[in-house]
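A.B. asks: Here is what each chain is made of, one letter per residue.
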Amino acid sequence: MQNAVYAVSEIALQLKQKLETTFPLIWIRGEVSGVKEMNSGHMYFTLKDAHAQLSCAWFAAHRRSNYNLTTGEVYPRVTREIMEKGGEFICCGRLSFYPQRGTCQLVVENVVCSGAGALAQAFEARKQELAERGFFDPKRKRPIPRNPSRIALITSEQGAAIRDFLKISANRGLSSEIRLFPTLVQGKEAARAIAQALQLACAQNWAEVIVLIRGGGSLEDLWCFNEQEVADAVFQATIPVLAGIGHEIDFTLADLTADLRAATPTHAAELLWQPRSEMLRELAAQQTRLLLACDNLLATLTARLRHEERALALASPRHKLQILEERLALCVHTFQTRCKDFLQSREQSLLELTGRLRRRLPPEKIDRMLAQVEMLAERLPLLVQTQLAAKSSSIERFEEKLLLHGQHNLSLRWAKLEKLTAQLEGASPLVLLERGYALVESLDGALLRSVAAAGSGQMIRLQLADGSLLAEIRSVEARKSSSSAKEAGAF
Amino acid sequence: MENAKNSDDMTSFEKQFSRLQAIVQELESETLALEKGMALYREGLLCSQNCRTMLENARHQLQKWQDGEEQPLNFEQDNQAKACDEIPF
Numbered sequence: 002m003q004n005a006v007y008a009v010s011e012i013a014l015q016l017k018q019k020l021e022t023t024f025p026l027i028w029i030r031g032e033v034s035g036v037k038e039m040n041s042g043h044m045y046f047t048l049k050d051a052h053a054q055l056s057c058a059w060f061a062a063h064r065r066s067n068y069n070l071t072t073g074e075v076y077p078r079v080t081r082e083i084m085e086k087g088g089e090f091i092c093c094g095r096l097s098f099y100p101q102r103g104t105c106q107l108v109v110e111n112v113v114c115s116g117a118g119a120l121a122q123a124f125e126a127r128k129q130e131l132a133e134r135g136f137f138d139p140k141r142k143r144p145i146p147r148n149p150s151r152i153a154l155i156t157s158e159q160g161a162a163i164r165d166f167l168k169i170s171a172n173r174g175l176s177s178e179i180r181l182f183p184t185l186v187q188g189k190e191a192a193r194a195i196a197q198a199l200q201l202a203c204a205q206n207w208a209e210v211i212v213l214i215r216g217g218g219s220l221e222d223l224w225c226f227n228e229q230e231v232a233d234a235v236f237q238a239t240i241p242v243l244a245g246i247g248h249e250i251d252f253t254l255a256d257l258t259a260d261l262r263a264a265t266p267t268h269a270a271e272l273l274w275q276p277r278s279e280m281l282r283e284l285a286a287q288q289t290r291l292l293l294a295c296d297n298l299l300a301t302l303t304a305r306l307r308h309e310e311r312a313l314a315l316a317s318p319r320h321k322l323q324i325l326e327e328r329l330a331l332c333v334h335t336f337q338t339r340c341k342d343f344l345q346s347r348e349q350s351l352l353e354l355t356g357r358l359r360r361r362l363p364p365e366k367i368d369r370m371l372a373q374v375e376m377l378a379e380r381l382p383l384l385v386q387t388q389l390a391a392k393s394s395s396i397e398r399f400e401e402k403l404l405l406h407g408q409h410n411l412s413l414r415w416a417k418l419e420k421l422t423a424q425l426e427g428a429s430p431l432v433l434l435e436r437g438y439a440l441v442e443s444l445d446g447a448l449l450r451s452v453a454a455a456g457s458g459q460m461i462r463l464q465l466a467d468g469s470l471l472a473e474i475r476s477v478e479a480r481k482s483s484s485s486a487k488e489a490g491a492f
Numbered sequence: 003m004e005n006a007k008n009s010d011d012m013t014s015f016e017k018q019f020s021r022l023q024a025i026v027q028e029l030e031s032e033t034l035a036l037e038k039g040m041a042l043y044r045e046g047l048l049c050s051q052n053c054r055t056m057l058e059n060a061r062h063q064l065q066k067w068q069d070g071e072e073q074p075l076n077f078e079q080d081n082q083a084k085a086c087d088e089i090p091f
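These protein sequence lines map, in sequence, to chains B and D. Mapping to the working numbering: the first sequence position 146 is 147, numbers consecutive. Mapping to the working numbering: the second sequence position 8 is 10, numbers consecutive.
Keep in mind that the hints were calculated from the coordinates and are not lab data. Since the structure is predicted, the reported quantities are computational estimates derived from the model, not experimental observations. Each hint can be trusted.
Below are the DMTMM-like pairs computed for lysine to aspartate or glutamate, each with C-alpha atoms no more than 20 Å apart in a straight line:
{"id": "1", "chain 1": "D", "residue 1": "Lys17", "chain 2": "B", "residue 2": "Glu279"}
{"id": "2", "chain 1": "B", "residue 1": "Lys128", "chain 2": "B", "residue 2": "Glu228"}
{"id": "3", "chain 1": "D", "residue 1": "Lys66", "chain 2": "B", "residue 2": "Glu158"}
Using the sequences and the hints given, assemble the complete structure.
C.D. replies: Okay, structure coming up:
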């Protein structure tokens, strides 16, 4: 057997059996690092000290129980968060060899905090309690005023925290008053001192914000900020509290209870005040925009004014006059041109016609015609006189003839008139009247021809040959026969 | 009583800065009448100058409350005097 050759899996299996039988359940003390938690609930980490390290696997089934398998003692539950904080732990489990990877590991069944771990457990327990009491409720968190002018600063007078805080604040925010409430920040008396400082700041009611800060340190150093007294004072503070305790990784109960947690004292100053350079930059940006907006406004208004000026110039009488003058000048020019053209064309045609005339009517012919005209003009008056004289004598002859005919005609007409007059006189009713007849007429001159037209008492006129009589009818008697006799009366 | 003290600076800075922002916005958003525009511009310039003065003159004053009263605290000197001390926090 001594010189036998083993297969890897054979020796691995033997190693596994040897380990598991030699170390059935052991306790190992060491620092925890490289904590990994799987979704399944299994946890893997490394347990180490100054010279060696050991891989550990803590399976979900084992993590659920928090009592000692051998003694039955119940331990506070150790969570991933507690293990991640580091420190010393005591792990209980079985050593085993894992053939697939060829590694040795401790299959952990329970983990108990050792030393600092106990503080962390106390922290967890108190945190749980405070959470249940609503200390960390986001609804009760008040906003921290930005760029405050009165700050109550609670920290140690001698420490890195106040130096860091003041250094950062030097170039930030506007003028402010910082009132320091010097206090212990470490040790047994610290918690009471911090709580009293908080109560004093609130009682003064002077500050706009309370800033509670402390530099980095171990969990033990920072422990006073986990004390119930401090947490209560922060919780009861009537002024918003900004806490910046330790480093980024440190979370104390005072931090969690405060209205706002800053990672560090430096960060607290950054949260309170904006850098002045940034404020100046914002101011400068606003100023630039102001200037630009004003320039734009002026440019817009100037452009509008120019536009209106142009419109006004176009609408002005002077401009209209100018347009009319231009139009007139154009008309005059056109007129002149046309006239000139017309005159030129007429002159041209005159010249042409003159030329043609000259060609058709030579001057000597014209002279001849003119002489003829003059001769005819001389003969014209004489001819007219002769004609006039002939016409006058003819008129006189006709006048004599007309007179002669007129006289003869007149005498004939006179003889006929006399004869007709004699005939008329013979037929006149007046002749009858002279023989004793009378004409009977009513007063309006109408002849009475029948008794039917007369009435008793009517006035009548009787025309006789030498005059007239006015009479009144007494009675009317009509003749029986239809023969003549107009009326019979007693007259 | 003490609470009213010293808050004027900040409120006036905030007020003046907000006013400046409002003025810039109004000038940018519409074409105003010349008189109103110029008046706003002058007001904005004044706000801006006031804000700048406040920022340039800004200083924090540090005092210490001890034994029931406020005491001056020259931190720079303190700081230098104790700079060599090894303070762990």
